[in-house]
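Add chain B to chain A, keeping to what the hints say.
So the sequences go chain by chain: A and B.
Sequential numbering from 1 applies to the first sequence in the numbering used here.
Sequential numbering from 1 applies to the second sequence in the numbering used here.
Hints are computed from structural coordinates only; laboratory data are not their basis.
Built from N, CA and C at the ideal position, the CB exists for glycine as well.
Wrong hints could be hidden among the right ones.
Unchecked claim - On the chain B side, residues computed to face chain A include the following (Cβ under 8 angstroms):
(1) Trp38
(2) Tyr46
(3) Ile76
(4) Met104
(5) Thr172
(6) Pro214
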Amino acid sequence: MRSVMQQPFRTAVLVLVWGWLLFLVLTPNLLVIGASVMTRDPGTFISLPLNLDAYRQLFNPLYLDVFLHSLYMAAMTTLICLLIGYPFAWALSKVPRQRQMLLIFLLIVPFWTNSLVRTYALKLILATNGLLNNALMSVGLIDQPMQMLYTEGAVIIGLVYLLLPFMILPLYAVFDDLREDLLRASHDLGAGRLATFVHIIVPMTLPGVLAGVMLVLLPAMGLFFVPDILGGSRNLLVGNVIKNQFLDARNWPFGAAASIMLTLAMAFLMFAHRLSKRRIGEEGV
Amino acid sequence: MSRWLPRTYLTLVYLLLYVPILVLVVFSFNDSRSGYAWGGLSLRWYEALFNNRAMVQAMWNSLWLALSAATVSTVIGALTALALHRYRFRGKQVLNGMLFVVMMSPEIVLAISLLGLFLLVGLQLGYVSLLLAHVTFCLPFVVITVMARLSGFDERLPEAARDLGASDFTMTRTVLIPVIMPALLAGWLLGFTLSLDDVVVSTFVGGPSYEILPLRIYSMVRVGLKPEVNALGTLLLVFSLVMLMLSQWILLRSKR
Numbered sequence: 001m002r003s004v005m006q007q008p009f010r011t012a013v014l015v016l017v018w019g020w021l022l023f024l025v026l027t028p029n030l031l032v033i034g035a036s037v038m039t040r041d042p043g044t045f046i047s048l049p050l051n052l053d054a055y056r057q058l059f060n061p062l063y064l065d066v067f068l069h070s071l072y073m074a075a076m077t078t079l080i081c082l083l084i085g086y087p088f089a090w091a092l093s094k095v096p097r098q099r100q101m102l103l104i105f106l107l108i109v110p111f112w113t114n115s116l117v118r119t120y121a122l123k124l125i126l127a128t129n130g131l132l133n134n135a136l137m138s139v140g141l142i143d144q145p146m147q148m149l150y151t152e153g154a155v156i157i158g159l160v161y162l163l164l165p166f167m168i169l170p171l172y173a174v175f176d177d178l179r180e181d182l183l184r185a186s187h188d189l190g191a192g193r194l195a196t197f198v199h200i201i202v203p204m205t206l207p208g209v210l211a212g213v214m215l216v217l218l219p220a221m222g223l224f225f226v227p228d229i230l231g232g233s234r235n236l237l238v239g240n241v242i243k244n245q246f247l248d249a250r251n252w253p254f255g256a257a258a259s260i261m262l263t264l265a266m267a268f269l270m271f272a273h274r275l276s277k278r279r280i281g282e283e284g285v
Numbered sequence: 001m002s003r004w005l006p007r008t009y010l011t012l013v014y015l016l017l018y019v020p021i022l023v024l025v026v027f028s029f030n031d032s033r034s035g036y037a038w039g040g041l042s043l044r045w046y047e048a049l050f051n052n053r054a055m056v057q058a059m060w061n062s063l064w065l066a067l068s069a070a071t072v073s074t075v076i077g078a079l080t081a082l083a084l085h086r087y088r089f090r091g092k093q094v095l096n097g098m099l100f101v102v103m104m105s106p107e108i109v110l111a112i113s114l115l116g117l118f119l120l121v122g123l124q125l126g127y128v129s130l131l132l133a134h135v136t137f138c139l140p141f142v143v144i145t146v147m148a149r150l151s152g153f154d155e156r157l158p159e160a161a162r163d164l165g166a167s168d169f170t171m172t173r174t175v176l177i178p179v180i181m182p183a184l185l186a187g188w189l190l191g192f193t194l195s196l197d198d199v200v201v202s203t204f205v206g207g208p209s210y211e212i213l214p215l216r217i218y219s220m221v222r223v224g225l226k227p228e229v230n231a232l233g234t235l236l237l238v239f240s241l242v243m244l245m246l247s248q249w250i251l252l253r254s255k256r
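The shape of chain A in the complex, shown without the other chains (with noise of 0.2 angstroms):
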């Protein structure tokens, strides 16, 4: 091993790489633990003596129905978008090569666009005077506009727009590493496709289905800006109850501990996620 002094580019790579990692990822992540368990302080934001009351205030029943109230939401998101996206992956993977790759590109591209212009988009389709109203009307579907914006009706359609990419993308990784000879080896064995669907298909899929829900289910509980454009006042998620906390109320300790669950609630998924490869590593081929 050479000296320091041999290798001053190395060290300074090091140094600046490391540096950065630590000042800005791993110190605001403690001061975020630590304020947590802090007392709330109108003048400093926190301070002493330590405490578990911000953990406590969680469980309050009014921000408890809030949560719940999210987590409903974020539920029913992932719900549709992996109902849309399992087969929608599926199609994809059939898709010959050369298309399939035009498809893919088609696919990023809302993704790469503005996300808080498409939520408003979405809201000059919904609006009580909007289009889809003006539309339904036209066709005597409906006589009267339907209240569709500031529902949680709308803050789902809302997420599942933003999201529905993250959960098709992971899922067509898995279905085109499906492999065709077990599929085949399952019918030949004079299994339905039923059979083959439930024993084969879907074991093979479930990390996929994972890694779509890791995906979508937390960002759908952190987009607060999807609420603040179409959901109203009474449809919150968890990201505008920390927003609210940090930036209005001012409650520090109590919004640490909102944003530790959603930390803690993203590492039980990564947990689940890895554990489902390493059944299919066992039990596969």
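For chain B alone, kept in the frame of chain A given last:
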């Protein structure tokens, strides 16, 4: 299985994805003030947009922020990828882990943790805090892009350079940088777009001294409809489409 069923299904989902964007683009050329009814073709909202000085200022601010964040994150990200690829050092797993945490943690968690840090060290919220935050969330994406490029690379080239007496720095400059150039460009474009699109992190670490576009749009669309937003959205759409095609083109060309 019949072939038209999956095809119809794919088409239907693509329609759902693209209808809102199409509506936005069409309505950006709408002369009507109401925002819902069609009142003939017009460029008035584009005109209104460019006559709004605060808006134009926010546009420049956003562009400058995205340019600088993409550049800084590409430099640091490339160096990180090179270090991870070439050097053996203690705590490599920790480094990898931190990058993974940044990429996987919900944006809002990153946002509040950075806000806490900036207030603790007394940094005034504005350009610098936005830059630090944007570079941090762009970093893992650059690292991954460059690592992917490095993993398919002939290890004998840097060895040969070293044997011929090149220092680490010279070898990096003359051998490694040219090899990872396409990944650098792709990573830069990705960082640029991520920065330009970010709402969540900027809401927390931005300040009134440096107003950027997404935050301005956010405050506009929260109350009612603003036809200027249609025009602005269309411009942003065209802009990111060009950037995306550029990055895909660079990546495809480098694979040949």
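Each hint, compared with the structure:
1. A least Cβ separation of about 10 angstroms between B:Trp38 and chain A goes past the 8 angstroms threshold, and the interface hint is therefore violated.
2. Checking B:Tyr46 against chain A by beta carbon gives a least distance of about 15 angstroms; that is not within 8 angstroms, so the hint is violated.
3. Hint on B:Ile76 holds. Least Cβ distance to chain A is approximately 6 angstroms, under the 8 angstroms limit.
4. Hint status for B:Met104 relative to chain A: holds, with the closest Cβ pair at about 6 angstroms, below 8 angstroms.
5. At about 7 angstroms, the closest approach between the beta carbon of B:Thr172 and any beta carbon in chain A falls short of 8 angstroms, and the interface hint on this residue holds.
6. Interface hint at B:Pro214: satisfied, since its Cβ lies 6 angstroms from the closest Cβ of chain A, which is below the 8 angstroms cut-off.
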